[in-house]
Structures are given as structure tokens and as C-alpha cells.
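Student: Here is what each chain is made of, one letter per residue.
Number of protein chains: 2
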Amino acid sequence: MTKLDESDIIEIFQKKLGNKKFISEDVEIFKIGKNNIVTKVDTFVQSTDMPSKMKVGDAARKSIIACVSDFAAKGVRPRYGIISLVLPRKISHKKIIEMSNGIKRAVDEFNIKILGGDTNEGKEIIINVSLFGTTDKIVKRNGAKSGDIIFVTGPFGYTASGLKMLEKNKKSNQFVKKIIKSFVNPRPKLDFGVINRRYLSSSMDSSDGLSTTLNEMANQSKCKFVINNIPTGKDMIEFVKLNKMNLNELVFHGGEEYEFVFTVSKKYKAIIKKNALQLNTPIIEIGHVTKGRGVFLETDEKDIPLKDLGWKHFRK
Amino acid sequence: MTKLDESDIIEIFQKKLGNKKFISEDVEIFKIGKNNIVTKVDTFVQSTDMPSKMKVGDAARKSIIACVSDFAAKGVRPRYGIISLVLPRKISHKKIIEMSNGIKRAVDEFNIKILGGDTNEGKEIIINVSLFGTTDKIVKRNGAKSGDIIFVTGPFGYTASGLKMLEKNKKSNQFVKKIIKSFVNPRPKLDFGVINRRYLSSSMDSSDGLSTTLNEMANQSKCKFVINNIPTGKDMIEFVKLNKMNLNELVFHGGEEYEFVFTVSKKYKAIIKKNALQLNTPIIEIGHVTKGRGVFLETDEKDIPLKDLGWKHFRK
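These protein sequence lines are chains G and V, in that order. With the first letter of the first sequence counted as 1, position 156 gets the number 484 in my numbering; the numbers rise by one all the way through. With the first letter of the second sequence counted as 1, position 50 gets the number 378 in my numbering; the numbers rise by one all the way through.
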């Protein structure tokens, strides 16, 4: 029996269902009348997405946030949502209340109207969220041009470390609290995405890992991405040294950051920075786009290829 | 710990998410621009919806069919779909191919374009389907009027018996093959629903059970439904006698029939019957709507209340 990873499975379905020229995107779009309807479905699975120490209310909130993050990267505001639940028979009244509170928090934060949903019984908690919005156009993954600058909407590495700390249940100092919060309670930069939509040449949600995101964008855009600045904070660098961890692994391959990567032409750099300041979005310039292929990390000696080692379901 | 059933859980979420005047419908509707977008999410869960003898390809087909059935009842044609999968890590390549074939069969039958989806790892197979269409208006559950006639789009009782036979793995004669097929391979009457949309005063998908459907429609329409004809076939009546089963239980409370119940004003009876003949849809007149409340089964002696004893998740 050959082991399949997520890409293999998706390929089987794509071939069968006739999407021959399929280009992978953060959201799906279809046209009804004159309107583009933008939608995204995201599934939160207890056994793979929810560490045992995570509260069910935070998990419920995060199931919505994961979808919002894809909308943020495309510059589209989600307006409506449908929630489909699978719940184990033995789940307590209290946990259901906590879940409804978590969902309430998320939809209030982003002003989403929940239309309805369905409830099912199964072996573990599964929260399936569909969000809907409309737009004239989305920011695609494949629009990066040679000469563009590459940005991210926030620092990386914190969530992966936060997840490790959450699992270890180590004594909590301020920093540990911060990184656990970054994992449990992420905040996509929706306003920033929507407001800057017209300036971005390409963009992609980074929750599958920064290396995965950069490779997908470079590949789809048929360009080379050169990274010369590792987007993280001093506190993270110190924490990594102290705990003898690998910084690049956490930053580039950790995943679970509900930020996005985007590229802009140099002529829009000033306005993007001004908007980021106004919205208090801590964008970080991490490199530039050039002719060629692949993603490379610039060092003093030579450029090192940055492989796609982010999260894929079913990977061994 | 109090045991919650599906209605309790839905109520908790509705209260929390602010749908105070929530009226339960087969589909959700939202407006984007001038268009009403109709959508339905349905979740197929291996441990509760898939008997061990059911093939995974048939299960995959049925996950789409369940959604199509809701569209049929509302008179709306689904045009697009998104499929979200949860798959156990050990699932074989062969089963994934079978699933993609089952989905392909369903989308070809009903001419639905699959836009995309996501793939996740979990403890059991879960197929989450969202379908989308558009319409000027839907046929609601709450529009039945005193004097209307009540119809169903096909016979009842076969699926529940089919499920029992599938589980027992009894020797298959023609009838057993027929009832197993009715469970495994249901066919919603989409064309009939779409074409007769303007004539129906109310309608509802019956897959949760005929008694549940009739009670919900009578309750929402603030009318009394009187049933004077049990919608099943002679072969079913014989089978029930032979096996000492309870006919009413199978017909009214069995569920899994992807048919719909509808009401029409007497003035449209002739045109409905003509359209049914042309589309080869075996509609059955089962009773009439009158003033009052509740659902009653007319017998020679007196009218017996027909309680809602259909399928609810989490019910003991």
C-alpha cells in the first residue's frame, strides 16, 4: 500500500472531477449573476488540530479564524458563515456552551453573520466552517513580478514554539504566555488585507508554514523569491538559543501562523507601510522577487535553497 | 450530566449567535448584490451514517445526494459544490479512488461543478458537502394552507427496511435487492421540484423521517395535517407481514428517504399530476391540510396523533 499525502489525494479528486487546469487558491470563487461569490471551507479536527491542553472554546474560535485568515490574504471581507459540527455522543453541556462562546467571539470580532448549520454525531469533535463574501477581484497567489518586495503581516516562529510549550506544560513566564497565546488565539490581519487589496501583486495565507507558502507563491508566479530577513523577534531568537532549538525550522516550517505573505511593486511600498502603521499591523519586509525559480535564503556566503517543509496532512 | 439531543444543541448555538427569530429551513439563503444565494451543508459521518456493509463509493455519492435532496425540496437547482474530507491515516489508495468515483457519479447526475475543497486527517471518514445555487424564491416549510392537498414524491418504508437487510446480510431476492438499493442509491426528485416550484405552497426534504417532516411542516404552517393514505407499495406491505415488522414504524419513522413532502392548493392538482407523469415521478397523495394543529392519521374509527419519532442525532 503506497502512502498518499494530501497533494496526492487532492490530485485524484481533481483529475476525476475534471478541474484540469486547476490552480490552487486560498478561496474558491463562483459567479452568480454579476457577483463573484468568494467562499472558503475549513475543517478543524480534534485528533490532528487540537492539542489536548487546548480549550474547546479556543478551538471553536480558531476554526473560524482559520477561514478568516484565507479571506484576509485575498483582501476579501467574509460576511456570512455556516457551521457544521460533528460531536461525540458523550460531550458535555458545558463544552457545547464553551464552543458556542468561542464561535461567538470570532464572529463578533470579524462581524460575520452565521446563517445556520448542521449537527452530527461522530467519534471526535469536528468543526467545519464555510464563510462567504463577495468582491470584484481577489489577490491571487500567482501575481508576483520580478522586482517586487516580499512582506509578511507579522513575526513567525512563535506559534510552533507555543504549541511545543502548550504540550510540555512548562512553567509559564511572560514569553511562554505570549507564544502559547499566539498559537491558541491567532488574529488574522483582515482589515490590512482588505484595505491594501489593490496594491498587492500576490498574496497567500501562511498557516501551512512559511516555507510552503513562499514556495507555492514563487512556483505559481514563475519567479524566484530571495529571502534576506528572517521574520521573527529578538525574544524568539533568545528563547531559541536558550532552549537549543532550531530558529529556521520554527520560523519557516512550523506553521499555524494565521498571517499572510504578500508581494508589492516598489512604487506601493510607501503607501503599504503607511497603511500598516495606521492599522497597527506589524508588517515585515523579508526579501524580493527576481527572475528565476525557487525560494532562496540569502546568507553572507551563498544563497541556500529554502525547501517546502511546511505542514501537509498525511505526511509520514 | 443532562443528555442533549440535536435540537438542544442547535438551540444553544442559535441563542448565542443571535438568530432570535430563527425559522428552520432545508437550505440557507443570503443575498449578495441582487442575487439570492442558496446553500446547504451536509455532513456524512462514517460511524453514524455508513453501515459497515456500505461501499465507500456509495457513501461518497450519498453525501452529495443528501444535499441535492434539500435543494429538490426547495425547487432550486444546485450549480456548484465544495467537498471537505476527513480521512483516516490508513485509508487505502483504492478507497480514495472509489470515493472520487462516487462523487463523480453524483455530480454528473445532477450537473454540479465542484469548485474545490480541503483534505484533513482524522479518526474516521467524514464527507462534508456544500452546494450552491440561486433562485428568486424558495418553497418554504411554513406555507401550507387549510384546504391544500399533501403529496410525497415517492413511496416510504423501503429505505429503513433496506438498511435492516443490508446489516443482516440476508439472502437476496429481487425485493431485498430493491430495498437495499433504495437505501444505498437514493435519487432525489430534483427536476420535479424545480419545475413545480411555483405551484407548491410548502415543501420539505423527508430524509429525517416522514413523521418528523409532517410535524415540522404542520407546526411551522400553523395547520393540521390529516393523513389518510400510507405512502408505500404492496410489495412492502407483504414483506412487512411476512417478517412481522411494523409498517407504520418503517414508513413514518424510518427516515433516509431522500424524497420530499409538499402541499398544493387544489387548483394546481391537475398540473402537478401532469408534470409528475411527464417526469416519471411517482408522487402519492397522502392527505390534506385543515384548520387546527398537529398531524393525525385517519383510521376507520378515529384520528390518531402521528408523533414526531423520526431520526435525531444524539437521541438516546
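A few of these clues could be false.
Because identical chains cannot be distinguished in the list, a pair is counted as satisfied if it fits within a single copy or across any two copies.
Derived BS3-like pairs: lysine-lysine, alpha-carbon spacing no greater than 27 angstroms straight-line [as the list claims (entries may be wrong)]:
id, residue 1, residue 2
1, K362, K465
2, K432, K343
3, K343, K418
4, K381, K550
5, K343, K451
6, K422, K451
7, K473, K509
8, K465, K506
9, K362, K595
10, K441, K343
11, K473, K619
12, K451, K496
13, K451, K362
Don't read these hints as lab results, they were simulated from the structure.
Student: All the hints need checking, so say for each whether the structure fits it.
Tutor: Now the hints, each set against the structure:
1. K362 with K465: both (12 angstroms within a copy, 18 angstroms between copies)
2. K432 with K343: between (38 angstroms within a copy, 10 angstroms between copies)
3. K343 with K418: between (40 angstroms within a copy, 22 angstroms between copies)
4. K381 with K550: Classified as neither: same-chain Cα gap 42 angstroms, cross-chain 48 angstroms, threshold 27 angstroms.
5. K343 with K451: between (31 angstroms within a copy, 26 angstroms between copies)
6. K422 with K451: Intra 18 angstroms, inter 24 angstroms, cutoff 27 angstroms: intra and inter.
7. K473 with K509: neither (35 angstroms within a copy, 55 angstroms between copies)
8. K465 with K506: neither (36 angstroms within a copy, 50 angstroms between copies)
9. K362 with K595: neither (32 angstroms within a copy, 37 angstroms between copies)
10. K441 with K343: Between copies only: 13 angstroms across, 35 angstroms inside.
11. K473 with K619: Answer is within; shortest intra-copy Cα gap is 8 angstroms, inter-copy 69 angstroms.
12. K451 with K496: both (26 angstroms within a copy, 24 angstroms between copies)
13. K451 with K362: neither (42 angstroms within a copy, 41 angstroms between copies)
Checked against the numbered hints above, the structure violates hints 4, 7, 8, 9, 13; every other hint is satisfied.
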